[in-house]
Amino acid sequence: MFNKIYNNIKYISYLKSGKGINTLNILNYIMLIPIYLLIIIGIAVGALTGITGASGVLVVVPTLLYLGLNFKEAIGSSLLVDVITTTTVTYVYFLNKNIDVEISLIMGLGAAIGAQIGSSIAFITPERELEIAFTIFTAYMAYVSFKRSRNKFSMKKINLNKTKYFLALILSILIGMVTGTLGASGGIMFVAVMMLLFSIDIKKMIGTATLAMLLSALSGVSAYIIAGKTDVIASLIIGLTALISGYLFARVANAMKSSMIYALLGSVFTLVSITTILRVL
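So the sequence shown is residues 834 to 1114, counted in the working numbering.
What the hints contain is simulated information worked out from the structure, not anything from laboratory work. A quick note: this is a predicted structure, and the numbers were derived from the prediction, not measured. There's no promise every hint is true.
[Unchecked claim] Listed next, the in silico DSSO-like pairs over lysine-lysine satisfying Cα-Cα at most 27 Å (straight line):
#1 LYS980 - LYS1062
#2 LYS930 - LYS1090
#3 LYS997 - LYS905
#4 LYS1062 - LYS1090
#5 LYS930 - LYS980
#6 LYS997 - LYS1062
#7 LYS1037 - LYS930
#8 LYS997 - LYS980
#9 LYS1062 - LYS905
#10 LYS980 - LYS905
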């Protein structure tokens, strides 16, 4: 069945770029795209973002590529999904007073700037070198997360307030550059930066990261929408499903023990690290 869908997916490009959008085109699109698969993706994205604060890029991009979208469309669609999903997740964490607005705005501003820079220099930086560095970083953060889940690790933090906020801004610009080039809104990377710099509870880290991720994704997706590199229909189906899923899982996360969230974070970091290694090799 998926082979038939893949063969028909070429027709979707015609529907989207042909003679304009009309009701018949949208109905044809819906008939060709496996809606149930997009809904499953949305549930997974909502769970991932709601519990760990991670971007849904690891789920959205590979699946949309499998369905026949090109890489830029998959990235743009992933960013739009992140915008939709993080809205409700941020709201839940805000209600539970698990967002540090000041840190979110600083990191979100840096990421928004970085996203614009990243989209401009996407083809200059060697991707392989970035992936190797990212693999080392995520592997280390997986180690830290698993240790913290067992309360056996105490990370040294920078004590000077001005210094750590400045470092958070600089690192967020780098995260934003990743957003602009690879479509990852940086949720889990924001969490990693806060683990290194700030002494706040993991739940507040995740809530703070989702607000920063919302700002980062908004900046990143704007360039892709202007360029026409976003599958709006698929993004809306995934995003609206993730909106509900993210709300429910965010409520679950706020009731979970911090040690369990650290363990889940470690698992996500490990998955990201392994995935990147396999792509580099």
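Cross-check of the supplied hints:
At most 27 Å may separate the alpha-carbon atoms for a hinted pair to count; LYS980 and LYS1062 exceed this at roughly 41 Å. Taken as a hint, the LYS930 and LYS1090 pair is honoured in the structure, with Cα atoms around 16 Å apart against an allowance of 27 Å. Under the criterion of a C-alpha separation no larger than 27 Å, the hint pairing LYS997 with LYS905 is inconsistent with the structure, at around 34 Å. Under the criterion of a C-alpha separation no larger than 27 Å, the hint pairing LYS1062 with LYS1090 is inconsistent with the structure, at around 40 Å.
The hinted pair formed by LYS930 and LYS980 meets the criterion: a straight-line CA distance of about 26 Å does not exceed 27 Å. With a C-alpha separation of about 36 Å, the suggested pairing of LYS997 with LYS1062 is violated against the 27 Å cut-off. The straight-line distance between the Cα atoms of LYS1037 and LYS930 is roughly 8 Å, inside the 27 Å bound, and the hint therefore holds. Restraint check: the Cα-Cα separation between LYS997 and LYS980 comes to about 23 Å, which is no more than 27 Å; the hinted pair holds.
This hinted pair checks out: LYS1062 and LYS905 have alpha carbons roughly 6 Å apart, not beyond 27 Å. A threshold of 27 Å between alpha carbons decides the hint, and for LYS980 with LYS905 the separation of about 37 Å lies outside it, so the pair is violated.
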